[in-house]
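**Q** From first to last, the protein sequence lines are chains R and B.
In terms of this note's numbering, the numbers along the first sequence are unbroken and rise by one, the last being 355.
In terms of this note's numbering, the numbers along the second sequence are unbroken and rise by one, the last being 355.
Do not take every clue at face value.
[Said to hold, decoys possible] One-sided and incomplete, this derived list gives chain R residues near chain B with beta-carbon spacing under 8 Å: (1) Q20; (2) E33; (3) Y55; (4) D62; (5) S98; (6) P101; (7) L118; (8) P122; (9) P126; (10) S239; (11) Y240; (12) T251; (13) L254.
[As the list claims (entries may be wrong)] Taking lysine to any residue and the SDA-like style, the derived pairs with C-alpha atoms no more than 20 Å apart in a straight line are: (14) R:K124 to B:N8; (15) B:K4 to R:E198; (16) R:K4 to B:T108; (17) R:K11 to B:D173; (18) R:K22 to B:K4; (19) R:K100 to B:I227; (20) R:K11 to B:E47; (21) B:K261 to R:E50; (22) B:K25 to R:E50; (23) R:K261 to R:E50; (24) R:K261 to B:E50; (25) R:K11 to B:N8.
[Claimed, not checked] Only part of the chain B face toward chain R is listed, based on derived beta-carbon distances under 7 Å: (26) K4; (27) N8; (28) M41; (29) Q44; (30) V45; (31) E50; (32) R53; (33) L128; (34) S211; (35) M212; (36) E307.
If you're looking for bench data, these hints aren't it; they were derived computationally from the structure.
All residues carry an ideal CB built from backbone N, CA and C; glycine is no exception.
The lines below spell out each chain.
Number of protein chains: 2
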Amino acid sequence: MLRKWRANIRKVEPYIPGEQPKGEKIIKLNTNENPYGPSPMIRQVQEDPENLRLYPDPAAEDLVNAIAAYHGVDRDQVFVGVGSDDVLAMAFLTFFNSWKPILFPDITYSFYNVWAELFRIPYKRPELAQDFRIRPKDYYQENGGVVFPNPNAPTGICEDLDFIRDILDHNTDVIVIIDEAYIDFGGRSALELLPQYENLLIVRTFSKSRSMAGLRIGYAIGNPELIRAIQDVKYSFNSYTMNRPSLLLGTVSLKDEAYFKETIDKIISTRTWFEREMKHLGFSFPDSQANFIFATHEKIPARDIFEAAKAAGIYVRHFSQYRIDNYLRITIGTDAQMKALLSFLETYISEWERR
Amino acid sequence: MLRKWRANIRKVEPYIPGEQPKGEKIIKLNTNENPYGPSPMIRQVQEDPENLRLYPDPAAEDLVNAIAAYHGVDRDQVFVGVGSDDVLAMAFLTFFNSWKPILFPDITYSFYNVWAELFRIPYKRPELAQDFRIRPKDYYQENGGVVFPNPNAPTGICEDLDFIRDILDHNTDVIVIIDEAYIDFGGRSALELLPQYENLLIVRTFSKSRSMAGLRIGYAIGNPELIRAIQDVKYSFNSYTMNRPSLLLGTVSLKDEAYFKETIDKIISTRTWFEREMKHLGFSFPDSQANFIFATHEKIPARDIFEAAKAAGIYVRHFSQYRIDNYLRITIGTDAQMKALLSFLETYISEWERR
């Protein structure tokens, strides 16, 4: 039946989240989760259930202070949100308010164009080079803002500070957002550039290196004027942004630097030997500074490997997207998980070659 | 320094959340929190800290199923979000997409005009009658949508189903949102009207009657087509909407109907005697079906009482807004808390009269 009320419903391209398979025996290497649990320190604390009756602190003061202290910035330089997706969505809405197109790579985090569409922000997506590197010159053109992840996703490629500086020097009239979701796995953060660039916003998450995807904690660091602007927008949506367990456990996790470093080192060393083994099996991939690699096989289509691995209970990520549909994004799990994947691949490839 | 990047920052009227005083001895009756803790059942369960490394279920399946079962609706009629503020913000964005003004009362939940401004939705605010009742005829005019809380906030007045039906019958071409944040404290829900009105969306929260403000859980119930539309918008922002502790504890709390009923009955009976005592002290207020009353004193300005109570460590809410600036919104706490407030008021009023 055609009812008039349908006419005013906002139409959006529905975003389809990655598969969340359930089951004990699944090896889940498809959503870049951390294979090690969060800091054991958070087991020592628990939000008093009695306190759940009370609203959370709308200013998230404890968590903001802890993040500021951790990075050596002022508390008025820190904005927190419900995962970096929330932080980035609010940043798009707050800072990309021009009629000129914003710029981000054609191959990058898949939410950027979703937010641009949702908020009716014009955008252009300069193509990555053949080797999947960002071409800085593409970002010299007039624009309404710039955003990219560093390391980029799903490529894992990390650019150095000279590269970031060059982009910033060519974009002094717009906000430049560097999405550092994966920076802790070997890259160098642009945080040290903040004193020189008042239009730089750096976005981070607790979901990867801090192993707290289940709590939804993200944050942004930038000059206080930017932080105030994004807070005003966020509080207009929902003044109690993060719930009590997130505020409490997020704050505690920042105190355990030893565990944080230890698990990151483990992931990096697993990545190193896993990359070597994958090369032996005929895979190639850009040099990764993230907790995943982006791999293609010399002979076998990525889609086939993806389906076969899934049937064997090993989930990796495949994107049916132009230019990258022959690649797999594989999260770095534990040594045991990666060995299981390698052993599956070895068998699969040798069977494939015998066909 | 005037930098061009400032030009494209979205300007919003910053929302100022209610005071969140800290301190042991404070009596906090200013944000309509529930004085009784959430169901003791939630103490028996706790999210395994190890699992916090994993993303939450993006479809929030367990919680959605539990809410659907609780209300006897289908699971595809339920949308969940980070508190009812998140649900309402998404509903505004999804359903109020017309160029005609949406309608809501001049005196009502203070976020409605904030969202309308944020999303550039035109709106009109028909005046409540002198007795603070909504005048149904004001909602017969052409519009882009209708939203109001029932019971209304901060008045506490609840309208019956004939009233709601009348509004719906005059608004078949737009979405009508009934915000039932306070419905469990004595009102009759419009849920039973859902089979007759496909354009009706009912919004609820776990923050008041379920005493879980600290977890941020809200939901909407409506026809599956509306639910799909709002999900698409929500997932465009952030596909992992609610964190693991919220999903787990929210689901468990729905199982404890006995505790739920018991605490609501306590609040209603406290409200009944508190209203009687307040009348003796010279206060008047509309009949409340919420966990607060909206009171004005026959002689003493509300602002003075507000300040004096605050100085004595008792927080109630005062709005510096035309027509209601001589009223106080007082949350119904425990008997002991309300006695403390009454005893303060008695002393304060008699001192005031001796001046």
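**Q** If a hint holds in the structure, say so; if it doesn't, say that too.
**A** Hints, one by one, checked against the model:
1. Q20: 6 Å, holds
2. E33: Since the shortest Cβ distance to chain B is 6 Å, the answer is holds.
3. Y55: 4 Å, holds
4. D62: 11 Å, violated
5. S98: Nearest chain B Cβ about 4 Å off; hint holds.
6. P101: 12 Å, violated
7. L118: Since the shortest Cβ distance to chain B is 5 Å, the answer is holds.
8. P122: Hint violated; P122 of chain R Cβ to chain B Cβ min 12 Å, cut 8 Å.
9. P126: For P126 of chain R, the interface hint is violated, since the closest Cβ of chain B sits about 20 Å away, which is over 8 Å.
10. S239: Hint holds; S239 of chain R Cβ to chain B Cβ min 4 Å, cut 8 Å.
11. Y240: 6 Å, holds
12. T251: 14 Å, violated
13. L254: 15 Å, violated
14. R:K124 to B:N8: Roughly 17 Å between the alpha carbons, so the hint for K124 of chain R and N8 of chain B holds.
15. B:K4 to R:E198: Distance of about 11 Å is within 20 Å: holds.
16. R:K4 to B:T108: 27 Å, violated
17. R:K11 to B:D173: Within the cut-off at roughly 17 Å; holds.
18. R:K22 to B:K4: Not OK: K22 of chain R and K4 of chain B at ~50 Å, beyond 20 Å, violated.
19. R:K100 to B:I227: Distance of about 34 Å is beyond 20 Å: violated.
20. R:K11 to B:E47: 36 Å, violated
21. B:K261 to R:E50: 18 Å, holds
22. B:K25 to R:E50: 16 Å, holds
23. R:K261 to R:E50: 34 Å, violated
24. R:K261 to B:E50: The given pair, whose Cα atoms are some 18 Å apart, holds under the 20 Å limit.
25. R:K11 to B:N8: 25 Å, violated
26. K4: 4 Å, holds
27. N8: Check passed: Cβ of N8 of chain B comes within 4 Å of chain R, closer than 7 Å.
28. M41: 10 Å, violated
29. Q44: Violated. Min distance 10 Å.
30. V45: 10 Å, violated
31. E50: 4 Å, holds
32. R53: 4 Å, holds
33. L128: 24 Å, violated
34. S211: This interface hint holds because 4 Å falls under the 7 Å limit.
35. M212: Cβ of M212 of chain B sits 5 Å from chain R, so the hint holds.
36. E307: Violated, because the Cβ-Cβ distance from E307 of chain B to chain R comes to roughly 22 Å (cut-off 7 Å).
Going down the numbered hints, you'll see the structure goes against 4, 6, 8, 9, 12, 13, 16, 18, 19, 20, 23, 25, 28, 29, 30, 33, 36, while the others check out.
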